[in-house]
Amino acid sequence: MAELEESQPAGVTWYTREGDEGETRFGRHGVVPKTDLRVAAYCTCDEANSGVSVAMSVGGLPLHVTTTLASVQNDLFDLVTDLTVPLDDPEPSPARIHPSHIERLERAIDHYGAEATDLGGLVLPGGTIGASLLYQARCIVRRAEISVWAVIEAYPGLVNPLTATYLNRLSTLLFVLAREANEEHGDVMWVPEASARAMAQEESGSGPDEVSDGAIA
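So the sequence shown is numbered by UniProt numbering: it starts at 1 and just counts up by one.
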C-alpha cells in the first residue's frame, strides 16, 4: 500500500464517495437517482461505444471499416454528452446530435450496403470474429436506442430525439458491416425449425427429403 500511495499523483482522488447513497450528478440535469432512466440510457450508450471498440480492436477488420467505426465512436461521445444537457438549458451543450450526424451514417450504409451481398436474407449472428463482434455491438446499440426512447417519452421536450434516430441508423450500419465482414467466409443462414426437422427425421428414420411438412407438424 505504501508503494501505491507514493506512486499516486499528488492531489488526485479516484473516488469521491458522492454516489454511495444511490444518487449521481447527471450533467446539467442535476442530482438524480442512479436508477433514473436518463442515467440508464447514458450507461447503455457508453456500453455500445465499448462494444464498437472491441470490434475495432480484435475483429481483424479492414482499415476503412475501423476508420468508419472510429468516427462512430466520436459520434457516440457527442450523443452521451447531448443526453446530459436538457434541451431547454440556457447554456449551449458542448455537443448535440444533428441531422448531419445521421446523414453521414446513411451515406455509409449506402456505401457498404452496395458492397455487401444479399442483405435481404435472415442470418444468424456469427461467421468471422469481426462479424460476430459487429453483430454483438449492434445488439447493444439496439438496446441503447430503446433506452433513449424511454427517456424521450418520460421527459418530453428535454431530450434530443435525434439521439434515438442516430442509434437506429447505427444499428443498421453495424448489420451491413457485419454482412460485409462475412463476405469471404459466408453468412450463417437461419433455417426455420431446423432442430425440429432433424428430430422428426431421426424419429421416422427417413432421410431429409422424405420428411413432409405434415409429418413435422
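No lab work stands behind these hints: they were computed from the structure. Don't take each hint at face value.
[As the list claims (entries may be wrong)] Estimated spans, in silico, between C-beta atoms of each pair:
1. Arg17 - Asn168: 34 to 44 Å
2. Gln73 - Glu23: 24 to 34 Å
3. Glu203 - Ala154: 46 to 56 Å
Since the structure is predicted, the reported quantities are computational estimates derived from the model, not experimental observations. Ideal Cβ placement from N, Cα and C applies to all residues, glycine included.
Against the structure, the hints come out as follows:
1. Arg17 - Asn168: 34 to 44 Å: Since the Cβ atoms of Arg17 and Asn168 sit about 38 Å apart, the hinted range of 34 to 44 Å holds.
2. Gln73 - Glu23: 24 to 34 Å: holds, 29 Å
3. Glu203 - Ala154: 46 to 56 Å: holds, 51 Å
In summary, the structure agrees with every hint in the numbered list given earlier.
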